[in-house]
Amino acid sequence: MTEDILRVHDLSTRYFTQDGQVNAVSNLDLRIERGEVFGIVGESGSGKSVTARSIMDLIEPPGEITGGEIKYRNGEFAETVADEHPNAVNGEFVNLLELPPNVRQSLRGTSFSMIFQDPESSFNPTLTVGEQLAEAVEVQRRASARPRSTRARTQSEEYSLGNFLLSTVLPSQKYITEESRERAIELLELVGIPDPVERADEYPHEYSGGMLQRAMIAQALAGEPDVLVADEPTTALDVTIQAQVLDLLDELQEETGMTILLITHNLGVIARMCDRVGVMYAGEIVERGSLEDVFDEQVHPYTQGLLGSVPDLEGATRRLQPIPGNVPSLLDHEMDDRCYFADRCPKAMEDCLEHPPEFEVPGSDDHEVRCVLAEMEYAESRAVPDDHFSETSRTAADKHADPDRTEDDVQPQRAEQPVDDSGGDRL
Amino acid sequence: MSRRSGRPLVQVEDLQKYFWENDSILDRLFGDDPVPVRAVDGVSFDIHEGETLGLVGESGCGKSTTGETLLRLQEPTDGHVTFDGHEVYDLGGDELTAFRREAQVVFQDPFSSLDPRMTIGETIRQPLEVHDIGTDDERRERVRDLVERVGLSPDQLDRYPHEFSGGQRQRIGIARALALEPEFIVLDEPTSALDVSVQAQVLNLLDDLQDEFNLTYLLISHDLSVIRHVCDRVAVMYLGEIVEIGLVDELFENPDHPYTQALLESVPRASTDERDRDRETLAGDVPSPRDPPSGCRFRTRCPMVIPPEDLELEQETYRELMSLRERIERRDISLESVGDDGQFDADDGSVPDEDVPAFIAAVKERLLDVPLPPRHDAIVEEALAELAAENWEAAAERLRTEYESVCERESPDLGEQAHPVACHLHGTASERTAEPDSWT
Amino acid sequence: MISDRVKSNLKQTFSESLLPKLGLLLLVSIVFMAIFAPVLATHDPTRTGHYSDQGTAYPPLGQDLTTQIAQDGDIVEVTVEPTSEHILGTNNVGQDVYSRFLYGARVSLIVGLLGTSMALAIGVPFGLVAGYYGGRVDDAMMRIADIMLAFPALVLALALIGVFGQTPIQVPDPIVLAGLADGMPESIPIPGMVTLVVALVTWVWFARVARGEALSIRNEEYVKAAKSFGTSDRTILLKHVLPNSLTPIIVLATIQVAVIILLEASLAYLGFSGTTLSWGYEIERGQDYLRTRPWISMLPGIGIVLAVISVNLLGDWFRDALDPNIEGEGR
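Residue numbers (the UniProt record's numbering), protein chains in the order written: chain A, 1 to 427; chain B, 1 to 440; chain C, 1 to 331.
One or more hints might be untrue.
Short derived list, chain C residues pointing at chain B, Cβ under 10 angstroms [said to hold, decoys possible]:
| # | residue |
| --- | --- |
| 1 | H43 |
| 2 | T46 |
| 3 | Y133 |
| 4 | V223 |
| 5 | K224 |
| 6 | A225 |
| 7 | D233 |
| 8 | P243 |
| 9 | N312 |
| 10 | D320 |
To be clear, the hints were calculated from the coordinates, so they are not data collected in a lab. Predicted model only: the values in this text are computed from it and were never measured. Here a beta-carbon is modelled for each residue, glycine too, at the ideal position from N, C-alpha and C.
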């Protein structure tokens, strides 16, 4: 077992909307080992994307990280920031949330990179792909030219209006150097784009969806990051293209040994890629462990339900076992202090009316679950009566019908959406 | 409409739907010719009463267009659809109204399929009003029944769509489709916008409704596991054509068409064995339907292209040669950038004679990853020599005579066997003189 | 037509910002002024060379004073400055400036609202049909619209007035009929032709917006679903396409009211109004006296500015509240 590269402890990210506080991520614990692929799986509105964005420091108002630690292990970096921010440093670990924004920003690209679901909005349609890649290379190159000073990383020469005007008049006046361009072509080759020399001079619209996704991966790799955060990287792609991109990520991971945090709703993609998995529900990781722990030895009824919902490609036709009900509200005042899954859970017991802590599941080193079933057997006698939640969920439904509210607050996944949509072009 | 037994409920014959680009008045004025986008290019299939036929394919393969065209939501470019013995495109007046009652559709996007300014009660009642069925009270009663049947509460009838979640909206769309007691429903990606747990609810609901109302479904989906779970028979589409049709178990257990095989292999399974599963990933992208490949449309990505007889080459090597030729045919090699900067100074376009061998070597190094057996090496060098002199056509011709595959000459047809497959590997097309467009 | 969500958005935007309140206050005042002009006015706004009840005469501005005295024989106190009688004085033909200001609001508002309604009535159906059917129909219809757009609005309006003439329609004044005011004109002139003309030069904007909406709405799946169970095109247009395209049309309509008020003022200033009771016309009248008695021109000028500002503020409010892109942000 290798060392941890990232430790997230007690992370909470909230959105302060007009309709109240949305607990997008609550008290989340996470541990990612160097060189592994860690998967977060969950349905829409479960907070998986917000988790990724919290780690990347891409949370925008009205969202805010309200508590917790995100500790990143990098001895060299820890030394660099130790003088200025002694509070943040603990051995080789640096708590990113204690650092000022400009220092955190300097980690983007070199330590953390992100790829998004929609590659089309991640590229500027008016520049060639090669130019944009070269630009990413350039930024990283200039940053690493003065690695000792964290400030220098953020104070590299900015692209100015003057540059822009000059570049339209004098073709030679480019922001990028020849070296960066060559590196860009190498990157395109690395991600398996055929004829990278010619392709570098093409515009994003000349690329197909799969190719653009590859180009985005190339862009994310420009700074040779330690951790690649992939947020639904294949959701917009067809299966045959998805298979290509997953193969690529697999190969790249093997070659470079980088760590990948893979966010997806697709259990097949998780099974294909991940070493360890966390299952998210209502802003929490409800079960985490190795792939085998979660897929074969799962304890949480939600994990079971999720796996039971997937139609099997190989097996004979059987009736699906869906999870009844709908995704829960994440509005703070609508969340009772109980297991958030209890109202949909077929095995809800009286014990579930109290919010469960994380239990360690016996039989595996690293298997934890937020469910009392880890400690006790389901007992019919302790079951919560069927109508227990109907009253509360009913009022919740009626509240949803309140005409004075907008669509966004009715469903937590919608509340999350502005973040999802806008994030694509931010990095 | 009366039913004659033994006849399929829906028969689609050689259906074509082209969209035209550059087709406005201005384009005409500037003399641009309209470009056909062959969304659906000659598909034929039957749907029997009470069955579920799946139509599966990747985005852009024309599966949704097929669904909309056979319902006559779009006018076809060519072809026939008969519904219950009536030619759908000839219907008019009362007969068309009757068809509109019998055939319904459920759409993919639960956020766009309901009018945001209508309550769900109005939405579901709408078909009844259009067809003037029942009194106000009867309609109200019917709407309440329908809403309950799809698992929602009648109390919610006065609410607007934005107050519902995706899964609930999809249920409302289903209730609307059921309002007229249709026989046939086209389900156009009914669950692809939903989360898995909700998807399972909706699939189970559709299953129950089929039994209860004896419905016939055409299920359009890109999700193979949904298809496998729900359908009785499956048709696989690629680039506007059906490449394989068969019973669901047969097709999933023993896919014959290389595309079907690749599609099935590409789907990641949600099981712990997934990482060790052998799989072969399909290379390349789907070609544009504006300019589909000749012959078999899948040949540009097919891992099993049939080489000419007596050609002893590995498939991999053969594929390299094919793509080399393809690029020469498309003139998609920038000769200027071959070699180091300005190494092959091509002022008048062609490479100076003394540089030709070096030029050939440079091109080969860049475009071919595998070493060629001597005989083929010679052929390729001849072709590249032509290229050095800017004779694209001659270079392509040289390669074509040597390496042209039956897959690009002839379009395979589905054949008439029990499990039709449009592939030269499975059929007699390579022996007989096939007519490329003979669909049966 | 207007959903609860829209209402709540309207309320919210209204309560959050000062500008919509200001706009509404202004507009309500102007509307009040226009409706009750006969009650609020002190003199018949059309009567020239006015003589007061006491028999004092106010000769028209610029007329030779001595001529006046000589004709009447007596010595009278003459003034066109504001007095207790004419609180804002008179214009160059001796009409009461204050009363004319009140009546001018009527013409501006009527032309603005009526003109916009007519433009809506022409443009929206045109645009919806073009966008919904698309293809050749759309091509042909939108080329017509493009041709309309190729002319500057004012020039086109002048040309059309040249063709149609500018005779106003006399409409009985309900306030006077109800006996609320004495000595006021019994009918108000509505510049019907001008209204038609301003509608004819502005409907294209509605057509374009409606077309854009229809183009996207016709691809919505609920429209396809409606087609699939056999709904007629007419019903689809009225039940689905029109209600769902209303939001941007309403926003545009508010802005167009302001545009039309300005256009009417410009026409009136140029003398093509059909009625002299127009702010634009009044500005032209006072032009020669800008140095000595600037309020004659400035008062109607301020009227125009306030009317336009109030309508624009309301337009912004609607846009902020109704625009789905803005909706949901900033929370």
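**Prompt:** Holds or violated: D233(C) as interface residue toward chain B, Cβ cutoff 10 angstroms?
**Reply:** Hint on D233(C): violated, closest Cβ of chain B at ~12 angstroms, above 10 angstroms.
Q. Holds or violated: T46(C) as interface residue toward chain B, Cβ cutoff 10 angstroms?
A. Violated. Min distance 48 angstroms.
(message) Would the hint on N312(C) be counted as holding, given a Cβ-Cβ threshold of 10 angstroms to chain B?
(response) violated, 27 angstroms
### Per-residue hint verdict: Y133(C), partner chain B, C-beta under 10 angstroms
violated, 13 angstroms
- Item | Agreement of hint D320(C) with chain B interface, Cβ distance less than 10 angstroms | violated, 19 angstroms
Point to revise | Hinted contact V223(C) with chain B - closest CB pair below 10 angstroms | key: At about 8 angstroms, which falls below the 10 angstroms cut-off, the nearest Cβ of chain B leaves the hint on V223(C) intact, so it holds.
**Report entry** Hint validity - P243(C) Cβ closer than 10 angstroms to any chain B Cβ
**Finding:** Holds - the Cβ of P243(C) comes within 10 angstroms of chain B, reaching about 5 angstroms at its closest.
Hint check: 10 angstroms Cβ-Cβ cutoff, K224(C) to chain B
This interface hint holds because 6 angstroms falls under the 10 angstroms limit.
Tell me if the interface restraint on A225(C) is satisfied: Cβ within less than 10 angstroms of some Cβ in chain B.
For A225(C), the interface hint holds, since the closest Cβ of chain B sits about 6 angstroms away, which is under 10 angstroms.
>> Just to be careful: measuring from the Cβ of H43(C) to every Cβ in chain B, is the smallest value less than 10 angstroms?
In response: The hint is violated - H43(C) has no Cβ within 10 angstroms of chain B, the shortest such distance being about 51 angstroms.
Consistency note: the structure conflicts with the earlier hints numbered 1, 2, 3, 7, 9 and 10.
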